[in-house]
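Visitor: Following the hints, position chain D against chain Y.
The primary structure of each chain is shown beneath.
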Amino acid sequence: MQQLLALVPALPLLAAVLLMLSSTSINTNGVRILGVGSVGIAALLACRIAFAQTGAGWAVQPFDVTLWHWMRIGSFAPDVTLHLDGLSMVMMLVITVIGFLIHLYASAYLDDDPGYARFFACMNLFVAAMLVLVLANDLLLLYVGWEGVGLCSYLLIGFWYDDPANGRAARKAFIVTRVGDTALISGLFLLATMFGTLSIPALMQHATTSWPMGTAMPTLAAFLLLGGALGKSAQLPLQTWLVDAMAGPTPVSALIHAATMVTAGVYLIARTHVLFALAPDALLATGLIGGATLLLSGASALVQTDIKRVLAYSTISQIGYMFLALGVGAWDAAIFHLVTHAFFKALLFLAAGAVILRMHHEQDITRMGGLRTAMPGIFLAFVIGSASLAALPLVTAGFYSKEAILGGAWDAGASGRLLWCAGVIGAFLTAIYIFRLLFVVFFGEQHHHPHGVTGWRIGVPLAVLAVLAIIGGALQTPALLGGIAIMPGILGGVFGTAREGALAVLPLVVASLVPLVGIGLAWRWWGAGLTSRFETRFTDLLRDGWDFDLAYDRMIVQPLMWLVRVNHHDVIDSVYEGLGALAKRAHAGLSLSENGRVRWYAGWLAAGSVAALAIAVLS
Amino acid sequence: MGAVAPTNAILLAAILFGLGLAGVLIRRNLIFMLMSIEIMLNATGLAFVAGGARWAQPDGQIMFLLVLTLAAAEISVGLALILLLQTRRPTLDSDVGNRLKG
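So the protein lines, in turn, are chains Y and D. Remember, the working numbering sits 2 above the position in the first sequence when you count from 1. Remember, the working numbering sits 7 above the position in the second sequence when you count from 1.
One chain only, chain D, in its complex shape:
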């Protein structure tokens, strides 16, 4: 299996990040928004790994592990919030939760 060129890996990461961002902005369902955020996090992780491979440094891998931990923490808090919101108001539409509007 041939080595993937770093530019291609970064390009893939950028596409994934763009898809994730589009998902966050377009989808109203909170579950889908969380999933889109996961995709964005993974895109950054991929960029780190590709960078680490390009300069043959371990830092990229370490940062990926950090991103994974972060993602796990984020998803647990996020899901807890969604559950709480669900009990107060039976909807998953993010635009309904604009009670804090200025």
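Same shape as in the complex, but just chain Y:
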């Protein structure tokens, strides 16, 4: 059973290669069977392995599968080793199961698209790369997956490459995340030079024994890894790419830019949490960045008019919650929220995609409205997703994971209390913006009539995800509400036994009531459609995402373009061009002497002999 672990990433990879090689000769049904089937079988295998490895008390028996020795450079010898423990098992299940549902959905969403095979090739490659990322036992192998998912993200954002705007969005995503990736690879270089290995268990072992708490080295290393995580997970100040990434097809937004890839940064920090625990400064920065991100992007989500952009800002905000949880050391709460977020955000994106599909690819919510009666199934799915995102008390998965985060923050000292406040305000904003979206799209007057019906390949993933978005909370509940501890049991082997925080009732009650207030306000303002607009200069600022793009354009892009214009003829190139010109001149001079006159040749011969003799005699 354990040896089969390698098949989980290998199957989607194989399917991706087959699809790439045969993309012109394979028919739509073949693509469906290969593209969806490979991920489906991988999901079944992943479930089977998870079932076999989970023992009493939900504890996971960790194991390694070494596939081959990668290379050997002196004492530095990374292996291609897959490592399964509680953390990577949770990630593997999320990626394969949700990945399968989204693949099934996409097989209907992209019907009749000329790039059908290309789409599934990229999606399968993404799943393979993401699985490599989470199963890697070595930071170098993790980096391979890390760059692989970045590549697939680029390819899929620019999937409809006919529109130059999509290509621009793809490049932006690639370049902005590259900034973070540079920090990450620098961190890897630092760790490799310090310890001569990149194997994660060995690194964590070395770090705890040779680096004292809070000194410069672990802080530097943690900050560099954090930089990589910020880029991939679209956190301040590298969050600008994710909203533009919505240019890709909606299943891509659901799988890559909501459920899995953007949470890779959370996974990376959770995976190297021992190192971060040695660097309190980096940890505090993680929490503060998470708190700031969730507030700023939550506010931006309030005023968007594009259905997918609301969800994109919401994703940035929710990942901010995960970073907040990591920052206060509540590792398991962060992973728990990652899982529930994957459920309800994938659900919301898929439901939004179903709406978009039936509205003739219309994404502007001001042109929607009153869709409740026309598509009741999608409406129900959207309600469940929104309620879960808004953390509606007791009945939704999002409530339990958000409570786990806020509880962890409450217990984490003064800075934790500050972050708790940010989290509660964020929860308030979340409830307002998502129910604004819900009311504007599904209530009020109907402007345009939808067409067609929603097929089973779209309906089934929606139904499954809706169920998961409700019952997902049963993975972990506070002691007050049953004290179910599946998630802590699974993750216990990675993060140690969960802290038994003194459960404060007051913050729990406050945090539960805040979303209800938000929903009430949303109903008051937008219960009858997009009637309250609040147009001010401040809302313009919010709509543009706090003008981060403008600031980056002024501070980085334009100076760079100016430099490019000034240095059109590269200064450094002039050295080499000078060498070339010198050679040409010398050639012209020497070829003058080749005049074909034998007397000149004789003269040169004589002069040369005299010179040689003179050197021989005089020296």
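It is worth saying that the hints were derived from the structure and are not from the lab. The hints are all genuine.
Interface residues of chain D toward chain Y, partial, derived using beta-carbon atoms under 7 angstroms:
#1 L28
#2 L32
#3 S101
From a predicted model like this one, the values you see are computed outputs, not experimental measurements. We put the beta carbon where it would ideally sit given N, CA and C, even for glycine.
Guide: Chain D only, in chain Y's frame:
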């Protein structure tokens, strides 16, 4: 007849060599250039003989014989080339034959 001092003989050889070289460089007529080359060869021959006499060794004479043979071979090839050139192009001017210029 008194023995000629070796330095004088070498000096004479140098003058002859210089005259020959000047002839090669200055004259354009191929026949005269060949004759000038002969003078240069004879100058080297004289230097060999003078050297051989100075150290009372036979090598100088032997080298002179070698130079004579060389000169004979060279002049026969040279004259043959001049004859061929003459048939293609009725001139003895060496500067006209610069068709191989780079």
